[in-house]
Structure formats: C-alpha cells, structure tokens
Amino acid sequence: MTATSARPGRTTAPARAARRPRPAGGAPPGEPRRVAYLYILPAFAIYAAFLLFPIGRAVQLSLYDWDGLSLGRWAGLSNYADLLADERLRAAFGHAAVLLVFYAVLPLAVGLALAAVLNHAKVRGLGFFRTVIFLPQVIAMVVVAVAWRRVYAPDGSLNDLLRAVGLDGLARGWLGDYAFALPAVGVVGTWFESGLVTVLLLAGMSRVPQQLYEAARLEGASAVREFFAITLPAVRGEIAVALTLTMIAALRTFDLVYVTTRGGPGDSTTVPSFEVYRRAFENGQVGSAAAIGVTLTAIIFVVSFAVNRLTDRATAP
Amino acid sequence: MPVTIRPRPAAALAAGLLVLAATACAPGSSAPAAAPTPVPTTSVRTDPAALGDVTLTVWDQEVRGGQDAQMKKLNAAFMAKYPNIKIKRVSRSFDDLKTTLKLALSGNEPPDVVEANNGRSDMGAFVKAGQLLPLNAYAAAYKWADRYPESVRRYSSYTPDGKIFGEGNLYGLPQVGEVVGVFYNAAKLKKLGIEPPATWAEFEAALDKAKQGGEVPLQLGNLDKWPAIHVFGTVQGRSVAPDAIRTLAFGRQGGSWGTPENTHAAEQLVSWVDKGYFNKDFNGQGYDPAWQDFGKGKGVFLIAGTWLLADLSKALGGDLGFMLPPPSHAGAPPVATGGTGLPFAVTAKSPNPDAAAAYIDFITGTEAMKTLTETGNLPVADTALQTVKKGAQKDVFTAFGTAAKADGLVPYLDYATPTMYDTLGAALQDLLAKKTTPAQFLERVQKDYQDFAQGNG
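Line by line, the protein sequences are chains H and E. The first sequence: position 82 = 82 (the UniProt record's numbering), numbered continuously. The second sequence: position 86 = 86 (the UniProt record's numbering), numbered continuously.
Simulated from the structure, these hints should not be mistaken for laboratory data. Bear in mind that the values here come from a model prediction, so they are computed numbers and not experimental data. All residues carry an ideal CB built from backbone N, CA and C; glycine is no exception. Where hints are given, some of them may not hold.
Part of the chain H face toward chain E, derived, beta carbon under 10 angstroms [stated by the list, open to error]:
id, residue
1, Leu71
2, Trp174
3, Ser268
4, Ala306
So here's chain H without its partners, still in its complex pose (with noise of 0.2 angstroms):
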C-alpha cells in the first residue's frame, strides 16, 4: 500500500480538477478512467470465476501427466507434442474440418436462399415458417441425434424412402459406412442450423429500406442483381453472426457423434471433443484431454477473431 500513498496527488481533488481542463489531451472527458474499472469489477469477478479460473485450471493441467485421482507429473509441454504426433487426433481434426461444411458453409447458403425468398416473396404467415425453420434450434441435440440414427438405419425411414422410389442400391446402413459415415453426421448438422442462419438472416434482411428495392427495380435489376447489390452487403453483419455461431458449434460437435457412431466406423467420424471426453473420463488421460480443449479453445479463437476482422473490414467503406 505504499506504493499509493508515495503519489498523494493522484486522487486529491485539487489535482484531478486541475487536469479536466484538457480538450486536447491524452485522456477524454469524463470521469477518470479508473473508476471504470470499478464498474467493471462485479461482472468481472463472475466472469473470472466462473471462466477465466478454469481456463487457467485447463491450461495447468494440460502441463501434467494426471490421472485424475493420483498425483499428477509435471509433464511440460509433451502433452501438446503427443498431439502433434497422434494420427487419430490429427484425423479428428481433420473430421472436424469437414463438418465446418456442413455446419457453417452449407446452413449459410441454404439460409441465404431461404430467407431471400422469404423476404422477397413477402410470404403470407411469415411467423409460421419462421417457427417451422427454426424448430430444429428449440429440440436438444441429443433428441436430435437419437431420431436420425433411426433415420439412418439399415430399416430407417431414408433406406424405406430410397427403396420406394427404386433406389435400392443405394440403401445401406449409413451410420456404419467408412464412405458415408462423415457426410450423414454433418448433414444433422446443415438441418440444425440452417433454421439459425435463416432466421438471422431474415431479420437482417427485414431491416433493409424498401426504397433501396423499388430504386434497383426502376434501373431494370434483376432478382438476382438485387440480392447481389443490395441484400447480401446489407446482412454482412448477420452473416457473421451466423458464421460465428455455426463454427463454434462445428468445432465444438460432441453430443452428435457420441450419441450417433461414437466415432466409428473405425475412427472415421472421431472429432476433438469426442477425444477430450474419452480421454477425461474413459481413458484417464486428463492431461493430455486439457490439452485437446486448451488447443481446440485457441482453434476457435482465432477463428471467430478471424470472422470477425474480415466482416469489420467489409463493413469499412
């Protein structure tokens, strides 16, 4: 506390009066900024304790080899290196990759198509469809998972819908297929959040100026020039949302697969997630399943920080 009281000046009244004064100055008007970190405090401290703290905590143990009962062992950095070296985890990373496709890519070009016409059509009982498209977001995941594995077993209803058109050739047991596995979880994926991107999308879209519409038809645009010209740049903000929400919940895929394939068949539908859970709590492995999360928390980061910057400079003039 010394160290305060040696710089009297600082907090007096006379001192303080006599800096406000500066129009120019480095610090704008206002209140000292100190205070503000006053304000801040009681938020802060819940935000610290609740997620700060056990980041730090993940960070920590992702250091040791643990087990989870026994007295852990400093392991450095060999945690982050088997990572590295580990062909499964490296495949799980992979996998995850692809579900970005499926979870992101995809769900923004159907909602983008979907809300246009949404929008455009001025469809009469908008609330109604905008329920029906959102309904996927309202059901738990793990109820998701459970209805398509029936969906997709070797007597589910898409295997019924293909014979009855006479595609049985097609038919299979999709969950179990080294070709098929992948793509059939990450289209649970594209209807999960294709309902999201649209409904986000289309508030964007409601917001935009009727005028701008009526002014493009008068040059002779076409619908799609339109959408092109005007829509699309007006909901960038939205598509960052979106975007933003779907890679996370791309990176971050867990329920879905250990409800669906458990990572099978082989290890051909394993993601990040999956490997920290199994690590954690099947393997004993906390070490080295704090590291998966630590790494896959920075993975997500950077990429929404990146999402963020391209949009931010889009929006720029």
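Based on these hints, arrange chain E on the given structure of chain H.
Chain E in isolation, oriented as in the chain H frame:
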C-alpha cells in the same frame, strides 16, 4: 496527438493465466499420498449388532426394475435385522455413477460402500490412489472364498499398487453374474430341422443351414462399436486357450495377439462375413435394434450376454433358448466371456469399515442370492442352488453355474488396457468391414496391449 500507453487487458490476462498455471499446486496434491493402503491386520469385527449406532452411505447403480427391487428388499431386511445400522442409499445410473464416483472418492468424506466398475480406469485407478480398502481380512472372517469361486473373485482383485488386475488383494464383492453365450430361437431351429448345436462345428453348420433356409443366421448390431467384442471373444474362446485369453484380457505381460490361434479366430470371424451369416449392414445397425429384431423373430442366433434375458424372454417367450458357446470338440471344458456385475467395495476413508463389510456380506449372502433370483437377477454365487422355471431362465442359470464352477469364465477383452475398449471396438469394425486384414487387425490390437503391458511393469 501524444501516444498514450493503454493497459493491454488481453496481455495482462494471458500473463495472469500463465502465472496461475505455473505456480498453482499440482493436480491431485490434495489427495492422500498414493501409497497403497495397508491390509488391516487388526482383528475385524463381524457382529454388526455390537457396532453401536452407525449410518452407512451406500452408492449403487441398481436403478432398473429388478435391480432396484432387490436392493430395496435387501436394504430393508438388513436394517430390520440390525436396527442400529441405518442405510443411506444413493442410487445413480451406471454412466452417472462412473463420472461422479471419482470426485466423490477424492473428497474427505466419501460414501462408505460404493459399487465400482471392475475395470482399470475405475476400480484399478481407485486402488492405485489408495481409496479402497482391501477386504482380505473380511473375506477370511466371512469365508467368502467358500462361496465365491476364484474365477469370480479375480474380477475384483488387484495388486495393492493397482497395476495387476486379476490377482492380489480382494477389493469388492459382486452380487450378480453375467456370461456371454448364444441365444437361439427354438421355433426357428425346429422349422429348419436343426438341433441345438453341441460343438462349434455343428454351430457353424447350423449357421450355414439357416442361411440356406433364407433366415438371418446371426444378428449383430455393431454401430455402438463394442458389440463385436463379445462376438470375437466367443469365437476366440474356441481356438485360444483360456489362460492365454486371461493374460491378454487382464493386460498382463507375456501374452501375444499375434499367435496362429488368434489369427485363426479373426479369420473365422471374417469368413462369417464372407458367407453372409450376419445381417446386412451390421456396422450401421444399433445394438438395441439388433436384439429387438431378434426378439421380433428376425434371426436364428444372437451372441450376447445374459443381461438381455428379461427383455428377450418377454418378446419370444417359450421360443427363447440360451446356451454357452458350444465347445470346439465334444466334452471340452466350457469357455465363455463373462464376469460379474459391479462389485461393492469399502472406501479407505470410511469410519465404519466393519459395518460396511457386514453390509456387503449381507447383500451377497445365501439369503440375498434367493432374493436376487426372485427379482429376476442372475446371482453370482450359489447359482445352481436356485429354483427357477424351466426355459431360458433355467438355461441361463445352468450356463453361468457350469462356466463359473469349471473355471471357464474369461474376462472381457476390453479390460486389458484403459484404451482397449475403443481400440478393439474400432479395429473390429474395420476388420468386419474388410478395411483391414486379420493380420493388420491383430497388429493394431497387439500394439495397444503391448504398449500398456510394458509400461505397466
């Protein structure tokens, strides 16, 4: 404009996290030292009535119908007999128990009696961390060895350092048994003109005949990865000696997967795929739908564990039959994958080990085995003494009793290493889908086994 040096919250945070990571104490340091708990040598007290007022906290996973019923009955009977002991029961599903037990045991006031899964990542890890009490002295006092054969006690035994599974101290006692055998649809066998096979060759002939009769010879749902482990274990038991399987399955040094016998087993399994003995798309079929299909009359045989008895009996009634996997030649001793339900163990920190052991003795005693039978469970001891109706239940009781008595139970192959469940499951999916050859399959499993067995010392 003067350059202002703004504080960098992100950098400060990152630095803070790093400092925290580097200076915080090592994980697990609040746990007791990992020294193995010594076997109590002081005399144990076996008269619960003389122990004064005691409250025992018991964590079990007996949540389903008949399981829950037997636990309630036995707890009530115990408290009626010893009014000074109160049972506080906490019941959780298997998965919930598995994930919460670790935390509970590392606390300062763990439950007194816990139902711990036998495997290395559960009971083995608890033993290693010194969290379970060795029950050898109680086993001697209560004469458990008289009623529980060696092949059953093995599943709850570890060396004090938790490294060797299947020998050393006894850490728990199970209530129920289970064995993987062959369920069959008797009506279908009759229609096809097949007698229940008495040898493995007859079994393969029966599969062939069923195939030619237009039936699905063998139901399998392998989407969940693990079910094929039981099928492979059954095939393996015909060509590999039981002791060799035990060495591999308990993850001990000195075994090898790369033997001609194991190769033969893998090749035989693949030949079943080639001959179309399994239902189509078995890798994409769930375990539950598969046995449900069998219950609906699709499929002649099903290789599965006795835990399906109640459900399949309901579906097939008198048409359901069960047998141990037929031996390689007539008169050979029985060999079957099998084991016990989760054993009940006493925690090292329990203040009332005598009462806890008395409780375990009570719920695994001769009377308790009767209660287990009445509630539709398969008692692990005194199985032959129980009276049950003729039919599949009788088949199951006979099968387990025979295998346990003849020391013919071999452990689940995934007990071997903490990672074997996943390695073997994935490797079998690959093998059955013909993505790998039997040689590659064995190589992959051998690597998992060898890496662990060597490091385990």
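Evaluation of the provided hints:
1. A hinted interface residue such as H:Leu71 counts as satisfied when its beta carbon comes closer than 10 angstroms to some beta carbon of chain E; here the least separation is about 5 angstroms, so the hint holds.
2. The restraint placing H:Trp174 at the interface with chain E holds, with a minimum CB-CB distance near 6 angstroms, inside the 10 angstroms limit.
3. Below 10 angstroms, beta-carbon pairs count as interface contacts, and H:Ser268 has one with chain E at about 9 angstroms; its hint therefore holds.
4. Here the hint on H:Ala306 is broken, as its CB sits about 16 angstroms from the closest CB of chain E, past 10 angstroms.
Hint compliance for this structure: hint 4 alone is broken.
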